[in-house]
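Okay, here's what each chain looks like letter by letter:
There are 2 protein chains.
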Amino acid sequence: MNAEIIEKLKAAVGEKYVLTEDEATKPFLVDWTKRFVGKAVVVRPANTEEVSRVVRIANETRTPVVPQAGGTTLVGGSIPDDSGNAILLSLSRLNKIEDIDTVNDTVTVEAGVILEDLHKAVEEKGRFFPLSFGAKGSAEIGGNLATNAGGTAVLRYGNMRDLCLGLEVVLPDGRIWTALRGLRKDNTGYDLKQLFIGSEGTLGVITRAVLKLYPQPIGNQTALVGVESPDDAVKLLNECRTAAGPYLTGFELMQSKCLVRVHEQLPDIGLPGPVDDCPWWVLAEVSCSPDSGPSLEEILGKAFEDGIVKNAYLAQSLKEFEAFWKIRESIPEADARVGNNLHNDISLKIALIPEFLDVTVRRLKDAYPWLDPSLYGHLGDGNLHFNIGSIPSNLAFENEEGIRKITYEETVKRNGSISAEHGIGQLKREHFLQLKDPLELELMVKISHALDPNGIMNPGKLLPDRK
Amino acid sequence: MNAEIIEKLKAAVGEKYVLTEDEATKPFLVDWTKRFVGKAVVVRPANTEEVSRVVRIANETRTPVVPQAGGTTLVGGSIPDDSGNAILLSLSRLNKIEDIDTVNDTVTVEAGVILEDLHKAVEEKGRFFPLSFGAKGSAEIGGNLATNAGGTAVLRYGNMRDLCLGLEVVLPDGRIWTALRGLRKDNTGYDLKQLFIGSEGTLGVITRAVLKLYPQPIGNQTALVGVESPDDAVKLLNECRTAAGPYLTGFELMQSKCLVRVHEQLPDIGLPGPVDDCPWWVLAEVSCSPDSGPSLEEILGKAFEDGIVKNAYLAQSLKEFEAFWKIRESIPEADARVGNNLHNDISLKIALIPEFLDVTVRRLKDAYPWLDPSLYGHLGDGNLHFNIGSIPSNLAFENEEGIRKITYEETVKRNGSISAEHGIGQLKREHFLQLKDPLELELMVKISHALDPNGIMNPGKLLPDRK
Numbered sequence: 001m002n003a004e005i006i007e008k009l010k011a012a013v014g015e016k017y018v019l020t021e022d023e024a025t026k027p028f029l030v031d032w033t034k035r036f037v038g039k040a041v042v043v044r045p046a047n048t049e050e051v052s053r054v055v056r057i058a059n060e061t062r063t064p065v066v067p068q069a070g071g072t073t074l075v076g077g078s079i080p081d082d083s084g085n086a087i088l089l090s091l092s093r094l095n096k097i098e099d100i101d102t103v104n105d106t107v108t109v110e111a112g113v114i115l116e117d118l119h120k121a122v123e124e125k126g127r128f129f130p131l132s133f134g135a136k137g138s139a140e141i142g143g144n145l146a147t148n149a150g151g152t153a154v155l156r157y158g159n160m161r162d163l164c165l166g167l168e169v170v171l172p173d174g175r176i177w178t179a180l181r182g183l184r185k186d187n188t189g190y191d192l193k194q195l196f197i198g199s200e201g202t203l204g205v206i207t208r209a210v211l212k213l214y215p216q217p218i219g220n221q222t223a224l225v226g227v228e229s230p231d232d233a234v235k236l237l238n239e240c241r242t243a244a245g246p247y248l249t250g251f252e253l254m255q256s257k258c259l260v261r262v263h264e265q266l267p268d269i270g271l272p273g274p275v276d277d278c279p280w281w282v283l284a285e286v287s288c289s290p291d292s293g294p295s296l297e298e299i300l301g302k303a304f305e306d307g308i309v310k311n312a313y314l315a316q317s318l319k320e321f322e323a324f325w326k327i328r329e330s331i332p333e334a335d336a337r338v339g340n341n342l343h344n345d346i347s348l349k350i351a352l353i354p355e356f357l358d359v360t361v362r363r364l365k366d367a368y369p370w371l372d373p374s375l376y377g378h379l380g381d382g383n384l385h386f387n388i389g390s391i392p393s394n395l396a397f398e399n400e401e402g403i404r405k406i407t408y409e410e411t412v413k414r415n416g417s418i419s420a421e422h423g424i425g426q427l428k429r430e431h432f433l434q435l436k437d438p439l440e441l442e443l444m445v446k447i448s449h450a451l452d453p454n455g456i457m458n459p460g461k462l463l464p465d466r467k
Numbered sequence: 001m002n003a004e005i006i007e008k009l010k011a012a013v014g015e016k017y018v019l020t021e022d023e024a025t026k027p028f029l030v031d032w033t034k035r036f037v038g039k040a041v042v043v044r045p046a047n048t049e050e051v052s053r054v055v056r057i058a059n060e061t062r063t064p065v066v067p068q069a070g071g072t073t074l075v076g077g078s079i080p081d082d083s084g085n086a087i088l089l090s091l092s093r094l095n096k097i098e099d100i101d102t103v104n105d106t107v108t109v110e111a112g113v114i115l116e117d118l119h120k121a122v123e124e125k126g127r128f129f130p131l132s133f134g135a136k137g138s139a140e141i142g143g144n145l146a147t148n149a150g151g152t153a154v155l156r157y158g159n160m161r162d163l164c165l166g167l168e169v170v171l172p173d174g175r176i177w178t179a180l181r182g183l184r185k186d187n188t189g190y191d192l193k194q195l196f197i198g199s200e201g202t203l204g205v206i207t208r209a210v211l212k213l214y215p216q217p218i219g220n221q222t223a224l225v226g227v228e229s230p231d232d233a234v235k236l237l238n239e240c241r242t243a244a245g246p247y248l249t250g251f252e253l254m255q256s257k258c259l260v261r262v263h264e265q266l267p268d269i270g271l272p273g274p275v276d277d278c279p280w281w282v283l284a285e286v287s288c289s290p291d292s293g294p295s296l297e298e299i300l301g302k303a304f305e306d307g308i309v310k311n312a313y314l315a316q317s318l319k320e321f322e323a324f325w326k327i328r329e330s331i332p333e334a335d336a337r338v339g340n341n342l343h344n345d346i347s348l349k350i351a352l353i354p355e356f357l358d359v360t361v362r363r364l365k366d367a368y369p370w371l372d373p374s375l376y377g378h379l380g381d382g383n384l385h386f387n388i389g390s391i392p393s394n395l396a397f398e399n400e401e402g403i404r405k406i407t408y409e410e411t412v413k414r415n416g417s418i419s420a421e422h423g424i425g426q427l428k429r430e431h432f433l434q435l436k437d438p439l440e441l442e443l444m445v446k447i448s449h450a451l452d453p454n455g456i457m458n459p460g461k462l463l464p465d466r467k
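Taken in order, these protein sequences are the chains called A and B.
Here my numbering is used: the first residue of the first sequence is 1, the next is one more, and so on.
Here my numbering is used: the first residue of the second sequence is 1, the next is one more, and so on.
Some hints could be false.
Copies of the same chain are indistinguishable here, so a pair counts whether it falls within one copy or spans any two.
Claimed, not checked - List time: in silico DMTMM-like cross-link candidates among lysine to aspartate or glutamate, alpha-carbon distance up to 20 Å:
#1 Lys212 - Glu15
#2 Lys446 - Asp81
#3 Lys413 - Asp99
#4 Lys212 - Glu98
#5 Lys446 - Asp191
Calculated from the structure, these hints are not laboratory results.
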């Protein structure tokens, strides 16, 4: 990057917060999966005004801007290319929780607030912010919004999109659009915040947000439930939804071998008992006490009588509840210890999942007999982390294109999504550009041109290159 | 309109479905409040393909298109101007309920399906579609989507936006964009459906949608609760939210005089007892039985001890539950029988409502001592139908500008919205254009130009005139 731009950036945010040396920039320039490594000047503004100055400089000099919050992307969405021409705009210093309003049940936060810190802050005021997933200790709110993060509580509370009531965004020309009114109803024109949520930093830089809060759950019943097949898991889901209604807050499906592997690879994490009697397990969570609402034990008892459920462990304590979730959340780490895994993150209409699993695993195994799939996901949302390992562990990666092709073909054939939660970023961009409805892609490109005429916002991610 | 265009339209949808005679077009060309009367050729396509043909003709001939579903707009949003140059595109013949999926909990519907018909159809399959409001017997899904309709169940289930998982839209150039996959999670690029929802027909014509379904409520506890002040109503709301969590499905605030007027004007609607002992009443609804979840009686008992609640009538039967809601839903009709009312539809952060009411009513009464406000609304969403009548009844209308000015000033000062539910349409357009953040307006205009370069979609509504 030319020295003049660097000087301008230093004037904008202070010399100390413009990093140019490899050692200093390195931690910002690699994604969590270590697949994407970039090169860039790292700029660390302290507030919205400084973000605005940086983007203004970038726009005037046609310098690409790559916004980054917690940097926990799994698709290289917040990593620049290796040209060294870009500004990596880190939001992590914008880390203030500004206003917890327990009457309106909203909180105003800056983009660099770590998700888990937000959980703790609102808990102290007797409130609950439901977005949660494995990386919560590092992921930051700006990234959660830019990628419309999902996780384990979507079934009841929705994605990040559903939890957001307002945004502040620095637009591609550096102007600040502030819409932080925190209203639950506002029909005065297009709901523009929806464009920025999930746009992966290609339309502007999210700097602040108003988020919804909820009362804390009034109790908890959690069980690990053994079933014969994904089909029975879908039946159980319906039973649970009907009986527990809004209190059904979690419904995760896992292969039995995922649980076994967690215990083998991470021996500190115990299982509640044998799990090899059932090929599939469900982690079901009902967020009330049995006296204040539906009883999970009763629901499972009935499903057992109906032959849907084969085995079940009910958490007997808060400690056991946490241990059950720990098993679920540790599957990716346990898989990683066995070898390299190809991560997929697909979604389908729920009824189609059992048949999809059947057909797709069979096609994959026919083509690549050494495959070792690790199948788990948020069944309640129709979302599967359809992850593919192999024995030996490098084979899956060496055959990545072929494996993804089969997986995505079967997904798209059933009108599913090739990215339910993680976004497109760099990893899935080529597939996305091939598979997406061309008309829909055309509309996205039109909007991107309308809002970012100079094409400075996170180029090389999501959308096709500008001509 | 020139004869050549009319011939093309007849070829597109069949001669019978192109109405040009005043008598035939008249019912389509006046809004519910009878304030807006337009002139247009009315075209009634039978399906998406025919809608596409009509819009293609309109685009090629630069003819304005005014989409209309149930025509229950309160702001003239689906009524053309009186130039006679426009096509009134009626969606009412697209009235098929295509697919009720009880595993995915979704339904696919055409734009012309009447909301109440949808309620009945899904109820037969044991499911529940929560959107509901007074005009449900006439309002159609396409209009509900184009205006992001709200109503009485937003507190628990959200607006129409929150209930929609996919759309089919005829774009301003006549191409059909179909995105009806019905996925709960899909992070593959911008969420384009969000642009069309709430855009009041200015970006395209919604022809089909996939909507979320829910299990039917497992019980019902409803009460009319007397309180001293809006402030106490806010306190009660917090008690109810904390104790009933997701089962709190309704929380409506009404002036005592609204209830009295309903009974006076519509004597068939009885009150459960005297209501003049309290100036304000809350209609609270908890959607479970007291054995299967929180007890409304207990919640109210505690609030009574705390001095928040002064009086309460608990519905003792389904009939009484329906009667209580009937009172609430009949307020606009009762008001209309007394005289003309200026309808407002504002929203604020909930904590600001009591003070807003104090100040604004005082300012209005100082300026217009003959005012007769009828104050009620969805307090749980921060949404007030702040309606202003007068004695004698014509005075409010004669002073419309002044009354709206004070009301909107006080709303905007508190970062509220001048249209929580009803949209902008024609009625509030001038105020909207004056009061909206100019940067936000600029972004809306940019998007409108990007998607509708010829400016044929519902001109004269919402956005400024094209130059």
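> Is it within, between, both or neither when you check Lys413 against Asp99 at 20 Å Cα-Cα?
Replying inline: Answer is between: at 19 Å across copies they meet the 20 Å cutoff, but 46 Å inside does not.
> When no copy is named, should Lys446 and Asp81 be tagged within, between, both, or neither for a Cα gap of at most 20 Å?
Replying inline: neither (24 Å within a copy, 30 Å between copies)
> From the Cα coordinates, with 20 Å as the cut-off, is the pair Lys212 and Glu98 best called within, between, both, or neither?
Replying inline: within (14 Å within a copy, 34 Å between copies)
>> My question is about Lys446 and Asp191: at a cut-off of 20 Å on alpha-carbon distance, are they close within one copy, between copies, both, or neither?
In response: Result: close both inside a copy and across copies, 17 Å intra and 14 Å inter.
>> Reference check for the pair Lys212 and Glu15, CA-CA at most 20 Å: within, between, both, or neither?
In response: neither (37 Å within a copy, 51 Å between copies)
Hint check: violations occur at hints 1 and 2; the rest are consistent with the structure.
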